[in-house]
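Enquirer: Residue numbers (numbering that gives the first Met the number 0), protein chains in the order written: chain A, 0 to 405; chain B, 0 to 405.
Derived by calculation from the structure, the hints in this document are not laboratory data.
Given the structure is predicted, the values throughout are model-derived calculations rather than measurements.
Incorrect hints may appear among the rest.
Copies of the same chain are indistinguishable here, so a pair counts whether it falls within one copy or spans any two.
[Claimed, not checked] Simulated crosslink set (EDC-like; lysine to aspartate or glutamate; CA at most 20 Å straight-line):
(1) K126 - D58
(2) K7 - D172
(3) K7 - D101
(4) K7 - E241
(5) K5 - D125
(6) K7 - D48
(7) K126 - E298
(8) K126 - E3
(9) K7 - E147
(10) K344 - E36
(11) K126 - E351
(12) K126 - E401
(13) K8 - E51
(14) K5 - E142
(15) K8 - D98
2 protein chains.
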Amino acid sequence: MSIEAKFKKLGTDNAPGQEVRQSAAGLEALMRGAPLEGRPVDFSHGDVDAHEPTPGAFDLFSAGVMSGGVQAYTEYRGDLGIRDLLAPRLAAFTGAPVDARDGLIITPGTQGALFLAVAATVARGDKVAIVQPDYFANRKLVEFFEGEMVPVQLDYVSADETRAGLDLTGLEDAFKAGARVFLFSNPNNPAGVVYSAEEIGQIAALAARYGATVIADQLYSRLRYAGASYTHLRAEAAVDAENVVTIMGPSKTESLSGYRLGVAFGSRAIIARMEKLQAIVSLRAAGYSQAVLRGWFDEAPGWMEDRIARHQAIRDELLRVLRGCEGVFARTPQAGSYLFPRLPKLAVTPAEFVKILRLQAGVVVTPGTEFSPHTADSVRLNFSQDHEAAVAAAQRIVALVERYRA
Amino acid sequence: MSIEAKFKKLGTDNAPGQEVRQSAAGLEALMRGAPLEGRPVDFSHGDVDAHEPTPGAFDLFSAGVMSGGVQAYTEYRGDLGIRDLLAPRLAAFTGAPVDARDGLIITPGTQGALFLAVAATVARGDKVAIVQPDYFANRKLVEFFEGEMVPVQLDYVSADETRAGLDLTGLEDAFKAGARVFLFSNPNNPAGVVYSAEEIGQIAALAARYGATVIADQLYSRLRYAGASYTHLRAEAAVDAENVVTIMGPSKTESLSGYRLGVAFGSRAIIARMEKLQAIVSLRAAGYSQAVLRGWFDEAPGWMEDRIARHQAIRDELLRVLRGCEGVFARTPQAGSYLFPRLPKLAVTPAEFVKILRLQAGVVVTPGTEFSPHTADSVRLNFSQDHEAAVAAAQRIVALVERYRA
């Protein structure tokens with residue numbers, strides 16, 4: 000594949016944060032009515048001013064800077080002292096052992112962990128099972144390494160509330176067709192649904208049967224709403240621990256994205272490869288930033304409960320606003336801060352509507368096509384926003400749905 | 000290529016900072032005499048405690064944190080306000096225009112810039128001209144993307160002091176053989192030599208003649224010693240600006256490695272590809288860290304001169320110590336903080352001697368084989384260290400050379 004062809008597939012025009020590089024040419028002719036007033040809301044990512052970084056994070060960073068060279072130049076997989084702190088916390092959270100020395104790597108964000116994990120498991124031509132819809136980078140990573148994506152559907156729309164809706168037959172078919180890597184996010188990005196204990200059990204059993212490696216992106220697994228139960232794949236009896244890599248990070252729930260931190264843990268062989276690659280990708284997660292992880296999973300009592308309660312309140316009010324619009328379907332997110340409403344048929348294309356939302360309502364959302372070719376009629380909202388501003392923005396979305404209804 | 004084969008080539012056992020993961024098994028039998036006392040010195044990278052980060056860097060970081068979400072979530076290519084500040088400074092330094100909007104990307108370290116630049120220019124099977132010796136990651140990057148390395152020799156040993164010693168005929172042969180990318184560091188890592196105006200002019204002319212893209216790693220180009228003149232390839236009249244990417248960063252001279260910052264600038268088309276890839280590699284250089292770049296190329300008057308003078312003093316004393324040992328050859332570095340002495344024939348292998356240096360003398364150096372298959376008899380020292388400790392460590396190196404002399 001030529002370098003031009005390879006990069007042509009890597010479009011980022013609709014990626015969160017990149018809207019500033021979009022052109023609005025040709026939209027004027029389609030627009031109806033006047034702009035809607037209101038505080039702009041960028042639902043493409045969380046608002047860390049509304050939900051601030053974990054208290055103490057900056058002090059830990061400062062202490063890292065003060066400690067000087069030892070914190071600036073860590074092993075590529077991250078400072079051992081910090082890995083020693085994190086491993087038991089991650090083990091307690093996920094219910095299975097974590098080897099601080101050989102089974103854990105600190106990365107530049109969870110994106111860094113995902114990149115390294117896919118690079119360390121997918122060679123050219125390898126088949127990789129990918130959920131539709133799921134985080135858009137999953138597909139792009141597989142394509143970048145010239146793997147072949149085998150889609151597995153997640154029917155979060157029809158599934159009852161007790162399960163995410165994974166097509167388990169589809170997953171087995173993917174394995175039967177030769178896929179030896181399965182990559183998925185739990186809670187699902189964009190739908191916010193959590194895989195049930197039964198679904199995780201089945202994934203574990205299928206992975207074991209076919210000898211597949213599973214990369215579980217659990218970035219949002221700490222922010223769980225009332226009534227949600229969560230099952231960690233890596234703690235399943237059926238799994239071979241060497242065939243699972245779990246990815247997490249403090250960028251979302253903890254609002255620490257500005258420090259670019261993530262972790263991957265599990266399989267020693269895969270972590271070892273990931274570190275070898277990290278050495279030529281970016282050497283290490285920023286040394287001083289790594290120090291911030293000392294406070295991760297060690298937040299003050301009540302801090303997480305409060306953060307969850309605030310997000311649950313925003314979620315519930317957004318759901319009321321969106322469901323008040325005829326033809327909108329929105330499943331209740333069980334964890335994380337993504338809402339993925341399906342919109343009714345409009346007189347403009349979904350891509351046009353997303354741009355119109357930005358230009359006429361000051362509302363940035365991520366188009367559904369980023370997550371699956373089958374979800375063009377949906378948009379993703381990261382509702383980790385100022386409560387009032389988010390509700391007002393959702394009302395503007397509804398107003399424009401009415402205005403552009405087909 | 001299988002994933003195992005691909006990663007087997009990516010060895011990092013001798014990479015700087017990774018010595019903690021080495022085994023010393025089997026060395027005991029080879030060792031002669033008692034350990035040498037002295038403060039341990041890790042010459043594999045600079046000592047940012049001895050040469051501290053640029054004053055004000057931490058304050059800029061703090062201000063970045065205070066500014067919140069806008070600094071945490073920048074464009075993938077980095078904050079535009081910061082790019083607007085940097086572009087004219089980089090243009091003034093290199094003598095050619097820099098397009099802040101489309102021709103500049105902020106990356107996680109210069110390593111991040113190198114990775115993205117190679118990924119954006121080298122497809123499977125592409126031939127890439129690589130200097131021997133040069134920064135070890137260059138070769139590994141080409142191999143990772145399954146390019147084919149075409150070595151071009153740098154005869155820094157025999158060349159007179161007015162030139163680095165590049166085999167220009169060899170470079171043209173590489174282009175004739177089909178290489179369309181040339182990747183090199185200037186000043187050269189590990190030899191510390193600077194390419195002459197004539198060499199840079201010839202590289203520019205050859206690149207233009209063969210339509211080749213040049214990636215110039217100028218990481219150390221600010222730390223120049225008395226008498227060194229420096230020519231920026233990107234400012235050469237012969238070059239097509241769209242075929243050159245220049246890489247720099249504040250990790251070395253400015254001791255800001257703990258923030259993980261680098262930049263690449265030049266070709267708009269290549270920078271655009273690099274950003275697309277950054278979106279799936281690590282999203283962006285840590286947002287808060289980017290703020291530190293506001294102070295880059297804006298240091299207090301005299302700060303750089305002082306930093307250069309201190310390094311020149313260390314360089315000169317290390318050269319005296321090393322040249323006092325019979326059979327050691329060490330060319331005078333013209334810029335940067337790398338010394339690459341060639342050692343006389345020893346009774347142990349070069350790899351063993353490097354381990355012995357660590358175990359018996361508390362001195363970490365990088366083996367010459369990391370930079371070229373032809374420089375196994377050399378070791379690289381990053382002499383950005385505490386002056387006295389570095390001199391004492393060099394004396395221990397000399398003492399062990401005597402002890403193990405063949």
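Enquirer: Take the hints in turn and mark each one as holding or not.
Expert: Against the structure, the hints come out as follows:
In the homo-oligomer, the alpha carbons of K126 and D58 never lie at most 20 Å apart, since the shortest distance is 45 Å inside one protomer and 48 Å across protomers. Taking the shortest alpha-carbon separations for K7 and D172, neither the intra-copy value of 30 Å nor the inter-copy value of 32 Å comes in at or below 20 Å. With identical chains, the CA atoms of K7 and D101 are at most 20 Å apart between copies only, with a shortest distance of 17 Å across copies and 37 Å within one. When the C-alpha separation of K7 and E241 is checked against a cutoff of 20 Å, the pair qualifies only between copies, where the shortest distance is 18 Å, while the shortest distance within a copy is 34 Å.
With identical chains, the CA atoms of K5 and D125 are at most 20 Å apart both within one copy (16 Å) and between copies (14 Å). For a Cα distance limit of 20 Å, the shortest separation of K7 from D48 qualifies neither inside one copy, at 35 Å, nor across copies, at 44 Å. When the C-alpha separation of K126 and E298 is checked against a cutoff of 20 Å, the pair qualifies neither within a copy, at 40 Å, nor between copies, at 51 Å. In this homomeric assembly, K126 and E3 come within 20 Å of each other (Cα to Cα) only across copies, at 16 Å, whereas the closest approach inside a single copy is 23 Å.
Proximity of K7 and E147 under a CA criterion of 20 Å is satisfied intra-copy only: 16 Å inside one chain copy versus 23 Å between copies. When the C-alpha separation of K344 and E36 is checked against a cutoff of 20 Å, the pair qualifies neither within a copy, at 24 Å, nor between copies, at 78 Å. With identical chains, the CA atoms of K126 and E351 are never at most 20 Å apart, being 33 Å at best within one copy and 43 Å at best between copies. Within a single copy, K126 and E401 get their C-alpha atoms no closer than 43 Å, and across copies no closer than 57 Å, so neither meets the 20 Å cut-off.
In the homo-oligomer, the alpha carbons of K8 and E51 never lie at most 20 Å apart, since the shortest distance is 35 Å inside one protomer and 43 Å across protomers. When the C-alpha separation of K5 and E142 is checked against a cutoff of 20 Å, the pair qualifies both within a copy, at 8 Å, and between copies, at 17 Å. In this homomeric assembly, K8 and D98 never come within 20 Å of each other (Cα to Cα): the closest approach is 37 Å inside a single copy and 25 Å across copies.
Hint compliance for this structure: hints 1, 2, 6, 7, 10, 11, 12, 13, 15 are broken, all remaining hints hold.
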